[in-house]
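Chains as they are written, first to last, in the working numbering: chain A, 22 to 87; chain B, 432 to 690.
Worth flagging that the hints you see were computed from the coordinates, not collected in a lab.
Bear in mind that the values here come from a model prediction, so they are computed numbers and not experimental data.
Glycine is no exception: its CB is placed at the ideal position from the N, C-alpha and C atoms.
Treat the hints with caution; some may be incorrect.
As the list claims (entries may be wrong) - Simulated coverage check for chain B against chain A, where a stretch passes if three residues somewhere in it have a Cβ under 8 Å from a Cβ of chain A:
id, region
1, 444-453
2, 467-477
3, 481-495
4, 514-524
What the hints assert, rightly or not - Simulated coverage check for chain A against chain B, where a stretch passes if three residues somewhere in it have a Cβ under 8 Å from a Cβ of chain B:
id, region
5, 32-40
6, 43-53
7, 80-86
Said to hold, decoys possible - Cut-off 16 Å, straight-line C-alpha distance, at most; resulting in silico cross-link-like pairs (EDC-like, lysine to aspartate or glutamate):
id, chain 1, residue 1, chain 2, residue 2
8, A, LYS44, A, GLU79
9, A, LYS25, B, GLU644
10, A, LYS46, B, ASP482
11, A, LYS44, B, ASP482
12, A, LYS44, B, ASP480
13, A, LYS25, A, ASP66
14, A, LYS46, A, GLU79
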Amino acid sequence: MLVKVNGTVSEIPDDFSIQQLIKLKNLPANGFIVDLNCMLVQHQDWETTKLKPGDEVEFIRVLGGG
Amino acid sequence: MDDRLEIGGLQLESRLFIGTGKFSDYGVLPAVIRASRAQVVTVALRRVDFDNPGENMLDYIPSHVITMPNTSGARNAAEAVRIARIAREAGCGNWVKIEIITDQRYLLPDNFETVKAIEILAREGFVVLPYMSPDLMAGRRMAEAGAAAIMPLGAPIGTNRGLRTRELIQIMIAEIDLPIIVDAGIGKPSEAAEAMELGAAAVLINTAIATAENPVAMAEAFGLAVDAGRKAYLAGPGATATDRFARASSPLTGFLSET
Numbered sequence: 022m023l024v025k026v027n028g029t030v031s032e033i034p035d036d037f038s039i040q041q042l043i044k045l046k047n048l049p050a051n052g053f054i055v056d057l058n059c060m061l062v063q064h065q066d067w068e069t070t071k072l073k074p075g076d077e078v079e080f081i082r083v084l085g086g087g
Numbered sequence: 432m433d434d435r436l437e438i439g440g441l442q443l444e445s446r447l448f449i450g451t452g453k454f455s456d457y458g459v460l461p462a463v464i465r466a467s468r469a470q471v472v473t474v475a476l477r478r479v480d481f482d483n484p485g486e487n488m489l490d491y492i493p494s495h496v497i498t499m500p501n502t503s504g505a506r507n508a509a510e511a512v513r514i515a516r517i518a519r520e521a522g523c524g525n526w527v528k529i530e531i532i533t534d535q536r537y538l539l540p541d542n543f544e545t546v547k548a549i550e551i552l553a554r555e556g557f558v559v560l561p562y563m564s565p566d567l568m569a570g571r572r573m574a575e576a577g578a579a580a581i582m583p584l585g586a587p588i589g590t591n592r593g594l595r596t597r598e599l600i601q602i603m604i605a606e607i608d609l610p611i612i613v614d615a616g617i618g619k620p621s622e623a624a625e626a627m628e629l630g631a632a633a634v635l636i637n638t639a640i641a642t643a644e645n646p647v648a649m650a651e652a653f654g655l656a657v658d659a660g661r662k663a664y665l666a667g668p669g670a671t672a673t674d675r676f677a678r679a680s681s682p683l684t685g686f687l688s689e690t
């Protein structure tokens, strides 16, 4: 299915969860924020939250800034 | 005398805020923050770079320090509001520095969009500190919109050019009944001291510390300069002559050479 990840349309397996997408992208276990269709998904829900076609996922992190 | 700075219901001992951008290595941040005695630091939010996910900045900020996300990257009020809400929900607290910029040459902020963002975020309970181009009327609008402090720039971000907007900042300090925090452009501790001598409530420093040869030593220097400038302001500096003639410091009679 097609979803948008950080603004880029990506093909991912159907019924993928947030956690599976994190693994696919080789992200660390934590230290970042997940925003799904403009709503934050808490860490404890990454495993159970399934993505649907057309979903827009943003992986966001806090970094240095002035 | 209690000279703490009150913002958002909190009493701050330190009038030096620090930006965390441009440091070569996050590992130096704890020492910089300790040396500066800063109690407020700014951070930014960005998309994760999958090729280089990076470390978690928040791991390097001591728990007693207020983390103030900026809305850098926002081009309008709606984008700034979204960033602020994400940051708060992600656990960054309810302080936010509004930074709305479309001008890529000078990085001058958009005062008009900033007012709109303040109105929304203040209603939602954020402690809003807007970064702005010094302008009395814009500052008044921001105060009316619910800003907790106003942060006019001294010079464009990253230039280290000092208080180029000095007189406009002075006007805002005289006329707006909110803490005025000089943010951007201060390049040396002496300039931070000068801002404090003018009556600024605090200063926010990033580039001048991050790009110093010794950021920890420079952070300490800025901390001392802010203290000195504030003490000087409270002590009430003497008048500056408007002409170039001297006024003697020693008595003008009883000279030893008189006959």
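#### Entry: Given coverage of the region 32-40 of chain A by chain B, tested with a Cβ cutoff of 8 Å and a minimum of 3 residues
violated (count 0)
### Query
Has the region 444-453 of chain B got at least three residues whose CB is nearer than 8 Å to a CB belonging to chain A?
It holds: at least three residues are needed, and the region 444-453 of chain B offers 4 whose Cβ sits within less than 8 Å of chain A.
### Message
Count the residues of the region 514-524 of chain B whose Cβ falls closer than 8 Å to any Cβ of chain A, and tell me whether that reaches three.
### Response
With 5 residues in contact (Cβ-Cβ under 8 Å with chain A), the coverage given for the region 514-524 of chain B holds.
### Query
Per the coverage rule (Cβ-Cβ under 8 Å, at least three residues), is the region 43-53 of chain A covered by chain B?
Holds, because 7 residues of the region 43-53 of chain A bring their Cβ atoms closer than 8 Å to Cβ atoms of chain B.
### Task
For the pair supplied as a hint, LYS44 (chain A) and ASP482 (chain B), confirm whether the alpha-carbon distance does not exceed 16 Å.
holds (13 Å)
### Query
With a Cβ-Cβ cutoff of 8 Å, does the region 80-86 of chain A contain at least three residues near chain B?
Coverage by chain B holds here, the residue count being 7 at a Cβ distance below 8 Å.
### Query
Within the assertion that chain A covers the region 467-477 of chain B, do at least three residues meet a Cβ-to-Cβ distance smaller than 8 Å?
holds (count 5)
### Query
Are at least 3 residues of the region 481-495 of chain B within less than 8 Å of chain A when you compare beta carbons?
Per the Cβ count (8), the hint holds.
### Pair hint LYS44 (chain A) and GLU79 (chain A), alpha-carbon separation not exceeding 16 Å
holds (15 Å)
### Task
Would you check the hint for LYS25 (chain A) and ASP66 (chain A), treating anything up to 16 Å between C-alpha atoms as holding?
violated (19 Å)
### Restraint status (C-alpha distance of LYS25 (chain A) to GLU644 (chain B) at most 16 Å)
Answer violated: LYS25 (chain A) to GLU644 (chain B) is near 42 Å, above 16 Å.
### Message
Between the alpha carbons of LYS46 (chain A) and ASP482 (chain B), is the straight-line distance 16 Å or under?
### Response
holds (9 Å)
In summary, the structure is inconsistent with hints 5, 9 and 13 from the numbered list given earlier, while agreeing with the others.
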